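Student: Listed here are the chains, written in short residue letters.
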Amino acid sequence: MNIGIEPNLTAAEEPAPLTPRQIMRRRARKHRSLMIGAGIILVLAFIALFAPLLAPHDPFVQSLGKRMLPPVWVQGGNWDYLLGTDQNGRDYLSRLIYGAQVSMVIGIGAATIGLLIGVTLGVLAGYFGGWVDHAVSFLLTAQLALPGLLLAMALVFIIGPSVWVVIGIIGVLHWTYYLVVTRSATQRIRQLDFVAAASASGATSRQIIWHEILPNLISQIIVIFTFELGIAILAEASLSFLGVGIQPPTPSWGLMIAEGKAMMFYRPWLVILPGICLFVLVIGANLMGDGLRDITAPEGRN
Amino acid sequence: MAPLLEIRNLSVSLELPNARLHAVRGATVSLDRGQTLGIVGESGSGKSMTALALMRLLPRGAEVNLDRLAFDSQDLTAVPDAVFAREILGRRMAMIFQEPMTSLNPVYTIGRQLTEASVRQGVLSAKVAHQRAIALLDRTGIPDPAGRMSQYPHQLSGGQRQRVMIAMALMMEPELLIADEPTTALDVTVQAQILELLAGLQCEMGMAMILISHDLAVVSEHTDRVAVMYGGEMIEEGRAAEVMAAAKHPYTQALLKAIPRMDGPPVKLAAIPGTVPSTTSIPKACIFASRCDFVRDVCRSGRPPVQGSDEHWRRCILGETELATQRQASPVAAMVRKAVEASTAPVIEARDIVQVFQSRRGLFGPKKEIRAVDGVNLTLKRGETLALVGESGSGKSTLARVMLGLSLPTSGSVLMRGKTLGGMSPRERAALVQPVFQDPYSSLNPRRTLAEIIVRPLELRGDGNSQTRLARVREVMDMVRLPQRLIHNYPAQLSGGQRQRVAIARALVTSPEALVCDEPTSALDVSVQAQILNLLTDLQANLGLSCLVITHDMGVVHQIANRVAVMLKGKLVEEGSTDAVLNHSSHEYTRTLLAAAPRFRAEETRLEFSGHE
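So the protein sequences, as listed, match chains A and B.
Take the first sequence: its position 299, counting from 1, is numbered 299 in this note's numbering, and each next residue is one higher.
Take the second sequence: its position 118, counting from 1, is numbered 118 in this note's numbering, and each next residue is one higher.
No lab work stands behind these hints, which were simulated from the structure alone.
Check before you lean on any hint, since a few could be wrong.
[To be verified] Here are a few chain B residues that face chain A, going by a calculated C-beta distance under 8 Å: (1) 306; (2) 307; (3) 308; (4) 406.
[Unchecked claim] List time: in silico EDC-like cross-link candidates among lysine to aspartate or glutamate, alpha-carbon distance up to 20 Å: (5) B:569 with B:519; (6) B:571 with B:349; (7) A:30 with B:15; (8) B:367 with A:133; (9) B:127 with B:99; (10) B:419 with B:349.
For clarity, every value in this text was computed on a predicted model and none was experimentally measured.
Every residue gets a Cβ at the ideal spot worked out from N, C-alpha and C, and that includes glycine.
Chain B with its partners taken away, still in its complex shape (with noise of 0.2 Å):
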């Protein structure tokens, strides 16, 4: 039987201010009726560009170039625009986004979005699309759908406004769903729950799914086949189990090893060292040999041969044997997670802090206040790393900017090294405590260079003369291993990572005692997590830092801190040492939280650490 869609060597370019970019080159997929495909990769992998050329949504200046495109053995690339628009787009294929916040309409009710393009389209009449729009919005999980159906998108919640989308898309049966990142941007536990209902969903109604995401863990749980994109290209294809439980390309194998997990002790990360190269030019070698740890000469100057069966096949140069050794031949250094003792001496205590909001409609509407921190009790404790861990909403970003000093709370105290912070010169406290944030891309002023940015709170201390503050700032450059090449660059010229680092280089310039980092690495792509997460522990042994880090991500709480604090609707549920929290936690919600953490199944983590042993 022929399969349900056929894309044979996709490639799409790019226009950019100062060359062309090849997003995209000889990407080949091909899916079966109700048959599920992963495309993961990194950023700029063009996993995303690959879905929307096949929906034709790519920006304007955009080229596209393939051999076949078959959808239902109907070749796509001789149906015009406005057929494709009217008879396959929403009817055949339908699409889910990431961002559920923008892509309702504001202005629209639910129940109109939800049934425009159906009845529109002339596929089902207004009252069965009604009908229909009420039913599926009850096998989302909504409550209430029939109320919901006149009411508006900022009546509801980021996961409400996901399972609203997915209805849309199942609107009129499409035989194609794909979904691009549908759970990045929402919570752990409402993420699980999505996932959970989208593979329900494809099994009941028997259509083909593409699930295009950035976590390996999200797709090998909810889908048949698995396709690695690095680069632009397609670099190794098959079976999800297969491709997690015994990768063949070193990338694949280098991102697995990339990935914080939860169970055994914490190792070291292998960070894949250097970010993706962009494809300004179209490549002549392996795409990956400037990154990979078995690089060979044939790598830099040839194209690599595909390689395996068609069940599971790469791009690479490497054979079974030698691939074997490969994965066993690269050791892992188990880390030490350092106890803290209890008579450590606090660095920063949060006493009572109570964080209420007040907000009122217009100059003299009623007043609403919003609690948002309630009554925390929190101490940080000298050379430990404390995880703050919560869901949007819990406060925890709230009562960081209040353990920072950068808010003051409505009650309560915060002692920095016994000393109140209101009695605290905004000097004194900038030597004690420094923030690291989540966006790398808003957390740098666009229009300084990095060597202005790293040196800005020395200035503000009048630290030293020009020249000892210019030595100081390639001193800590070489700390988060920044090349000093880049110090006249612009935050614009740097990739997500290193930006990351200049913010870490930022906070240490003046030698902070400690450091409050806010989702520091959720930003990031999976091989460049890694490299900070390292950096971030190297900084603190060597250094003797403490470090405050919130984070949603259990592996990461796993992998760096010492204890772990759970908060709540503004409340700390739960805190303790992070064996003791994982492995045994005494809260409900912690056990919510560790339930819907992605993660490998059980087989294949046995297999990768036999490997180790």
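Next comes chain A alone, as it looks inside the complex (with noise of 0.2 Å):
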């Protein structure tokens, strides 16, 4: 036996076991699809946040000479507009870049309002329980039972349309998920025991929310966050194509495809151009919300 030669494997180098954040970082680095929503994710971001260092041209130019030029790779196409122009000879490309600003800044909105609506009566009635919760849950069917793009539409007629008014009023119309989840989730967290420690430690249930409830709902909350982002999305995009949303002369991409529809079956790339932007948007979106919601769920978990 080669006494003393080998070494003393059974504690001393044991890998040190991982903090809940480092398993979680090494999932999301297995999980392709989740880097792949988030690459996209991060790029339209970085698009839409440089658009002015990015776009080639001014994206409200108009020059009727140039009226619908075909891309670059059509027969007619011109090296200087990529993209094409579109009816008014504004440079689609620029637009398009541009169009990812509104799209993001609505969409980014519309899901934090939405967010902080839902997550409050969520915990509220998940906390307290009670009448609370029969309050909440009548405004959730409530809210459920109302037609939600319908509502939008005359909404926004009523108020006039700008982009804020439009966040606001998606925002608005999208707290149900949120609440859902984070109602049941407070419901299962105030009854562990370290909510009772707390309590009996003298804290208040404001303290209570606030520091053992809400850091256990953060990673739901991010998941959420993601979905409702391509859902506001789409929503803008509605609104716009049907004339209530986003105004001209403001790039979107909802608009785009609305101001393209008229000339669709001679110049389809009026409408095809910007539908692959919101599509690549939006699956990005929730690529990154599955891989999220994947990596955070407690199931096949260690």
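Build the complex: two chains, separate frames, hints provided.
Tutor: Pasting the structure below:
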């Protein structure tokens, strides 16, 4: 026997256990669709943020002499206007780049407003239960019974369209998912012993909610936020397409599809290009949401 | 004759996020027809994985390696999964799981679940299966078996569900029954009945049985042979009585000494230091070396040899004579249970507590009332440990919540140091009494580091500044013997015992006068339970704490309590000093509880104690 040569491997050389965050990071890195989704969102966010630097032309300058130029790969295309121009002779690529700005701002803004409303109501309902829960559940039922797009159209029509109004209305109409998830998660967490321990140490309800419950909801909230981002972007596009969202000349992908639809059969790129942009952005948001849900889900975690 | 089941050199490894866990290594099992084998081990010892590997029920990503796996002389490694599921699983080998609440499907009737497998496989006709199911339900002691067939699982109690599970496993008369912790989730009195039932059925039907448990006493009472597992390896195997009476591996010996006993004077438990090592690499030395009292250099450098006969072997370097001297060498300090005088001032007094829960079916449904606690008077005196004993549903945890001030009683009052709880601010109350909960996995916020968790009560009180608070945290961590290096770790990185220490540290950080511990050790392994019980006893002696300990384990009561109160259906049925209640209980229910507690046979007890005198 090789006494003294073989090292002791029982206790000293165990790899140190990982923090929950490290485990999550490892799972994230292995999750391909999460990486793709996050990549798409990051690239589009970058484009939106640096739109003035990236756009080759001013998206608002009209030039009637250069109306409806085709993209560069179609006969008659022009390297000056990579993706061609629209009915008013504005550079389509520049308008798409600025359109990313509108989509991002509205998506993030609306999803944040929904988050604030939904999480507040959900945590209160889940934590206090009783009549608070009944009241919130009634609100939820009422909200689910309303036809969302119709109501949004009516509201925008009454208040008058602007970016901020659109953000506000989409946000106010998209909080139900947050509420359902945070309410049931809060109901579960408030039964756990660490909440009882906190209240035995004299913590008030407010302190328990902020310090014990909310930190445990963060991963769920992030997941829903990502999904709601995609939903809000589509909602904005629908409103703009119907003419009650973003108003011209602000470049919005939905509005661009609406403006191009008259020429759809002769100049299909006017509709296809913003359509692709929307598709890629929403797919990115959904992939990211799916991935985040997978890596934060407790089942399958060791 | 060839054995019914033969497993040679079974290894199971599992995929973890950061490594491969070698959960079982080189396990060898041999079981004759009609024989019972107990597999004992603490959590993480690989005992369940061994059974799951045999039943092909391992989680995804698990890898199995073995030299031989034969059932009734048939090589099982050559049997494809589909054939195995059709011809062996359920028919010739059946398994009972730990959790009766979740192992029955809530949307199907008992009858359907009992008969489904046998009818679908064409073993029994629907009519015969129905009759057999009724007969088995009757045999397992379920009243009105024919009527039960059309009931759903939620209409049955936990014990009854476990009986249904047993009946289900026996439907096709298997030759081998594997019971994985069949009674761990049940009350003590029910536990005893189920184990009796299993033993009786095993005898009647002449089947072989593998009983997996963390409880040495349970296994020793009900099996012929015992295999002890530690860290994924089988380290000792022999006749049950012999292993209990003359354990030959230092781990088994230590485990036996860590169990609180109900006979003789309470002695300080010989806790095994440290925790079970996780086996993410294949160990090249003795797996127990890091916790062994008798460790030598050889143990750390190479695999220990297998010694002894086939009848009783162990994987340890120590010889017979060394073992005998070692067993006598470890002294056991007797502890004196202080008698608490009747005149001692009370810390918490509960007077005529009634707690009624009301529930409604839906918004307008009829009201239902449950009297969880029904007119209880209970006093916790200064410096004593009062054990509150009862089965689940007896209202003991509800009473504890009331005495903690976490919920207001329907009527009655709680006095802390003579002041009523209602007139107290939460902070005042927090300085008097603090809780320690059962489940160390849910009692710590998973998103906070250890330092944040322990310091929180001080922050809530606004005591001192961040530096004095941190100093106090370090002080309390020393008190509960938590290593300082863990201070910035998250609960997920700690073991169960360490977490329970954190919970105790959090309770102690504000220097309360009393602790209310709700089953503080029942979620822990035996060796860790001993550490925590010793810790609680020490803390109480050093700090003059008063403790209310809720438990269902009579051994724990005997170990730490000065006085005992017994609860049944919301009422206090007996109260008195520990010796009086354990030895001369006046209430029948207490006697039932005592009789049901698993214990070691008298002969072994004598052997164990003669060594120390």
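Student: Hints first: check each against the structure and report whether it holds.
Tutor: Against the structure, the hints come out as follows:
no., hint, verdict
1, 306, "violated, 15 Å"
2, 307, "violated, 15 Å"
3, 308, "violated, 20 Å"
4, 406, "holds, 6 Å"
5, B:569 with B:519, "holds, 18 Å"
6, B:571 with B:349, "holds, 16 Å"
7, A:30 with B:15, "holds, 14 Å"
8, B:367 with A:133, "holds, 19 Å"
9, B:127 with B:99, "violated, 30 Å"
10, B:419 with B:349, "holds, 10 Å"
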